[in-house]
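Student: As a plain string of letters, each chain reads:
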Amino acid sequence: MKLPIYFDYSATTPVDERVAEKMCRCLTLDGTFGNPASRSHPFGWEAEKLVDEARGHVAALVNADPREIVWTSGATESDNLALKGAAHFYHKKGKHIVTVKTEHKAVLDTCRQLEREGYEVTYLDVQSNGLLDLDAFRDALREDTILASVMHVNNEIGVIQDIAAIGEICREKKVVFHVDAAQSAGKVEIDLQTLPVDLMSFSAHKIYGPKGMGALYVQRKPRVRLEAQMHGGGHERGLRSGTLATHQIVGMGEAFRIAKEEMAEENARLLALRNRLWDGLKDMEEVYVNGDLEHRVAGNLNVSFNYVEGESLMMALKDIAVSSGSACTSTSLEPSYVLRAIGRPDELAHSSLRFTLGRFTTEEEIDFVINKLREQVQRLRDLSPLWDMYKAGIDLNSVQWAAH
Amino acid sequence: MAYSDKVIDHYENPRNVGQMDDSASNVGTGMVGAPACGDVMRLQIEVGEDGVIKDAKFKTYGCGSAIASSSLLTEWVKGKTLEEAQQIKNTDIAEELALPPVKVHCSVLAEDAIKAAIEDFTSKQAG
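For the protein sequence lines, the chains are Y and H, in the order given.
Residue 385 in my numbering sits at position 359 of the first sequence, and the numbers go up by one each step.
Residue 893 in my numbering sits at position 119 of the second sequence, and the numbers go up by one each step.
Since the hints were made in silico from the structure, they are not lab data.
Treat each hint with caution, since some may be false.
[What the hints assert, rightly or not] Capping the alpha-carbon separation at 27 angstroms, the derived lysine-lysine pairs in DSSO-like fashion look like this: (1) 200(Y) to 131(Y); (2) 28(Y) to 398(Y); (3) 898(H) to 852(H); (4) 200(Y) to 121(Y); (5) 127(Y) to 28(Y); (6) 780(H) to 344(Y); (7) 398(Y) to 852(H); (8) 417(Y) to 831(H); (9) 237(Y) to 131(Y).
Treat the numbers as computed from the prediction; the structure is a model and nothing was measured.
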């Protein structure tokens, strides 16, 4: 087993060897380096062919038409293009947008920008399991609502929203529906022929493709219109100008092709590993899973170890790469807004760790992390005055703390 | 974030971890911070009749820098008079541990903890 161990696959993934190999063949003089927009010579034709193939692979994973795929620089750009593009195009119909408090910052911050431009945004709460209440969603849609954005899989707690049901409500109310699928593509079945979704954002680097590459699905029937955010040579049917990065596109295509082929098998393997991890921890005292354990992607486990602070626990797990909802890991000194939104008290948010498993995670690594965690959580609890108080039967909520 | 060697040393081998009888008249206890803020320090001092701190113990819930700040503090206060201990500044702790700006509040908390412990001790004496 090689140290350190990577348990942060939701942050990013290594590029699969098969993907890297294909990408490398699109860069140098002896490779397909041409500009896919060059119509007058074989260098351009060859590149265009590879781009078309990749578009086909991305479309195939989510059962879309290749003409519905627009290349972008990543899910953040896709989210921006979807939200700003739709809001700007449909502003005459209304200026109200509905989204959810647990969305990724790429959606939340774009909504903030739209608020500055005069739009009104409703940020919905989620239930304590992290899932959206469908009735609350329906009630939030108004006459002047033009757009709703709900993520498919949450990046922190891994819960899967019921986008089929949410999409139905949007169709009924004639609201454009955008889904951020950065954390779900290649991990959850997506069939855009049947799902009532108008716009969907994808990222390459979350599923073993390159960073700096993404795509936006823009539905053709019924047609969804967007105002372009990047102007120039009119690439991607005018929706996103800029010379296509053949090697990046080929990488994303190959990553999506592999995902389609291996997803079912990989999910079963990851679920078994995730269960093994949780089985190894769940008998510890004061340990809580954050978010619904059923409606959740296979590779995610987000756990709070009460009375132990997350950053110090990560420091103890120095051979293990994980992330934490603790304030100390952020520059803002605020604990995770996602854990707050599911109603976790701040102290549990400070005590949380996110383990995300992936293609190269092994059983041996899982067992290593279980042992290390049990040992270090105990060590830090022996150092914790809160643990002493808990053990002495003191209700910590009854204590007057000197907040600082 | 990269930690200094001193922070790692105190974090991995914390000095003077423990708990004293906080009802004893020669013990002063300072508990500062809040769970919701992500750090709580409990610092206890045992004071001799000559006004010198004979022993110090701590327990801390918090990040590595908070644990290191309180561990270092227990080393520093032992053998000091209450007046001398009162003079310890958070900047001394931050400097010794090479804390980055975002972690300076950990040293502030440690300074608050020793002040609170001394205050607790003196109020017990007065009472």
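Student: Now, for every hint given, state plainly whether the structure supports it.
Tutor: Taking the hints in turn, this is what the structure says about them:
For the hint linking residue 200(Y) to residue 131(Y), the alpha-carbon distance of about 26 angstroms falls within 27 angstroms, and the restraint holds. Restraint check: the Cα-Cα separation between residue 28(Y) and residue 398(Y) comes to about 15 angstroms, which is no more than 27 angstroms; the hinted pair holds. Under the criterion of a C-alpha separation no larger than 27 angstroms, the hint pairing residue 898(H) with residue 852(H) is consistent with the structure, at around 20 angstroms. Of the pairs offered as hints, the one joining residue 200(Y) and residue 121(Y) holds, with about 14 angstroms between alpha carbons and a cut-off of 27 angstroms not exceeded.
Between residue 127(Y) and residue 28(Y), the direct Cα distance comes to roughly 38 angstroms. Violation of the 27 angstroms bound is thereby established for this hinted pair. At most 27 angstroms may separate the alpha-carbon atoms for a hinted pair to count; residue 780(H) and residue 344(Y) meet this at roughly 16 angstroms. Proximity of residue 398(Y) to residue 852(H) is assessed by CA-CA distance (about 34 angstroms); at most 27 angstroms being required, the pair is judged violated. For the hint pairing residue 417(Y) with residue 831(H), the CA-to-CA distance comes to about 19 angstroms; that is within 27 angstroms, so the pair holds.
Of the pairs offered as hints, the one joining residue 237(Y) and residue 131(Y) holds, with about 18 angstroms between alpha carbons and a cut-off of 27 angstroms not exceeded.
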